[in-house]
Amino acid sequence: MTVTETRTPGQRDRRFSTLRTDTWWLPVARDALFLGVVLLYSLWASLQTSGYAVDNYISPIFSPCLTSNCGEHANLALVGDWYKWSPALLVAAFPIVFRLTCYYYRKVYYRAYFLSPPACAVLEPRAKYKGEARFPLILNNIHRYFWVVALPIVAILLYDGYNSLRFPDGWGLGVGSVLIIVNALLFAVYTLGCHSCRHILGGRLKNFSRHPLRYRAWTLVSRLNARHMQVALPSLAMIPITDLYIRLVANGTITDFRFF
Amino acid sequence: MGYDHHFRVWRGDAAGGQLEDFVVEVNEGEVVLDVIHRLQATQTADLAVRWNCKAGKCGSCSAEINGRPRLMCMTRMSTFGRDETVSVAPLRTFPVVRDLVTDVSFNYAKAREVPSFAPPAGLAPGEYRMQQVDVERSQEFRKCIECFLCQDTCHVVRDHEENKAAFSGPRYLMRIAELDMHPLDELDRRREAQDDHGLGFCNITKCCTEVCPEHIKITDNALIPMKERVIDRKYDPLVWLGNKIRRRGAGDGRRAEQSPGAPAAAGAPGATPVPDEPARTGRGGDAGQ
Chain Y
1 MTVTETRTPG
11 QRDRRFSTLR
21 TDTWWLPVAR
31 DALFLGVVLL
41 YSLWASLQTS
51 GYAVDNYISP
61 IFSPCLTSNC
71 GEHANLALVG
81 DWYKWSPALL
91 VAAFPIVFRL
101 TCYYYRKVYY
111 RAYFLSPPAC
121 AVLEPRAKYK
131 GEARFPLILN
141 NIHRYFWVVA
151 LPIVAILLYD
161 GYNSLRFPDG
171 WGLGVGSVLI
181 IVNALLFAVY
191 TLGCHSCRHI
201 LGGRLKNFSR
211 HPLRYRAWTL
221 VSRLNARHMQ
231 VALPSLAMIP
241 ITDLYIRLVA
251 NGTITDFRFF
Chain E
1001 MGYDHHFRVW
1011 RGDAAGGQLE
1021 DFVVEVNEGE
1031 VVLDVIHRLQ
1041 ATQTADLAVR
1051 WNCKAGKCGS
1061 CSAEINGRPR
1071 LMCMTRMSTF
1081 GRDETVSVAP
1091 LRTFPVVRDL
1101 VTDVSFNYAK
1111 AREVPSFAPP
1121 AGLAPGEYRM
1131 QQVDVERSQE
1141 FRKCIECFLC
1151 QDTCHVVRDH
1161 EENKAAFSGP
1171 RYLMRIAELD
1181 MHPLDELDRR
1191 REAQDDHGLG
1201 FCNITKCCTE
1211 VCPEHIKITD
1221 NALIPMKERV
1231 IDRKYDPLVW
1241 LGNKIRRRGA
1251 GDGRRAEQSP
1261 GAPAAAGAPG
1271 ATPVPDEPAR
1281 TGRGGDAGQ
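Chain order of the listed sequences is Y and E. According to my numbering, the residues represented by the first sequence are 1 to 260, in order. According to my numbering, the residues represented by the second sequence are 1001 to 1289, in order.
The hints are simulated quantities; they were obtained by calculation from the structure and are not laboratory data. Glycine included, C-beta positions come from ideal geometry on N, C-alpha and C. Watch out, some of these pointers could steer you wrong.
Said to hold, decoys possible - Short, incomplete list of chain E residues facing chain Y, as computed with Cβ under 10 Å: (1) Glu1030; (2) Ala1089; (3) Gln1132; (4) His1155; (5) Asp1185; (6) Cys1207; (7) Glu1214; (8) His1215; (9) Thr1219.
Can you build the whole structure from these sequences, using the hints too?
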């Protein structure tokens, strides 16, 4: 921290990063590490052609499954036997782009990776900044379309949660069931609390009084939206956790614990 | 029982300055502004500082305390350890006048660029009628005390002087959102938000929300909804198609905005008075503005 500082307008004093005395860098490092680990794991898992499902459990990365090589786990075998690669490659783009263009995740990776800014009142280490008004960041405006696509994915994940209770020997509850159901519920809450959802349902209106049903829906979504941050990161964390658990059960490393 | 606390207070002017060390007595329950006053009274009689209400309502005493934009009157000394050095510096984004006083006229210039409230033609003040649910969103933004902490912390202008011409800052983007969400405002403010006030520069990193002393959810309730409204107008082909089918035009049923410097809309403050005509029937709900 420098003592002397000239404050001529237009001059950037790169030596003067911040007067903050707290560990402002800790959330930056934590978020960068967390996002990096989730991204790398998900990328690796998406490329696997086996181990993503066992009995009535299926990994969320591979759901919905639209290829015949999913076997009994296929939701809809739109793609035939000629497709030899990972089923996740056909569907992973949708939830990934949904999260990439999400207003909350944008905040996280703009701070953690773009360092724009690294933290509040900490000097941004770039000379020029043009925001989201130009390509490619302007593509974030497509978020609402991926929210629409996320809705059936929510339904499918909830269906997977229902299936996770239907074991070969009848109804039951295992650790895998809990993980799949929790993941589906978190994704549902995350999707329904989306800022685009809030806008589409009622936020774009000028007069709530003329649209009481949409106002009611907007109010409910606003409550979820206020918790969007608290839901987004756990929701993201559940994906690799659930996938890893199912993989370990599928390859026999661990045995799924059944509560009943 | 008072104790001595170590402070570093920025002193200087537009030509330059530095943080200077002081040891000042602090008593129980005091805030940073109390300490600055004691400093003025006992050690540096010429220390320049802007302050007024001492109650977190006037927005005058904005400063950067330990590097964080805060109101001096709302920063309790009890939040710092007794051995912790407290730095007090002026708002970094604005030019220094002297010591802790900065020239915030950038904000007033940006305020003048926002077209004022534009009610329907022929509807005079006193005749506005609106439902409470329709004005609640805008009322949250009216809590603003114009302390300009959000303007100061926003990296778009804080770290990039060259963006000041094109970017109005969170406070005035929130003002535009307030008017765009107002049931009686008829202007289409979405184009101006993006093109004239630089909404596209905002990357929703939420520092403005973090520093707001009135706890206004600037990013989530003003900036992001405004970004979504701009997408409706400019970047969404389905909305465009819907407007074409319903023949609502690009304004989505709203009036085209005035260019800066154009005469104010009828009914707006300072506008040419509208000839007397029968009062409009109320839109229902309580009277209010």
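Comparing the hints with the structure gives:
1. Glu1030: Since chain Y brings no Cβ nearer than about 20 Å to Glu1030(E), farther than 10 Å, the hint is violated.
2. Ala1089: 6 Å, holds
3. Gln1132: 9 Å, holds
4. His1155: 4 Å, holds
5. Asp1185: 8 Å, holds
6. Cys1207: At 4 Å from the nearest chain Y Cβ, Cys1207(E) passes the 10 Å test, so the hint holds.
7. Glu1214: Where the cut-off is 10 Å and the nearest Cβ of chain Y is about 17 Å from Glu1214(E), the hint is violated.
8. His1215: 12 Å, violated
9. Thr1219: Where the cut-off is 10 Å and the nearest Cβ of chain Y is about 8 Å from Thr1219(E), the hint holds.
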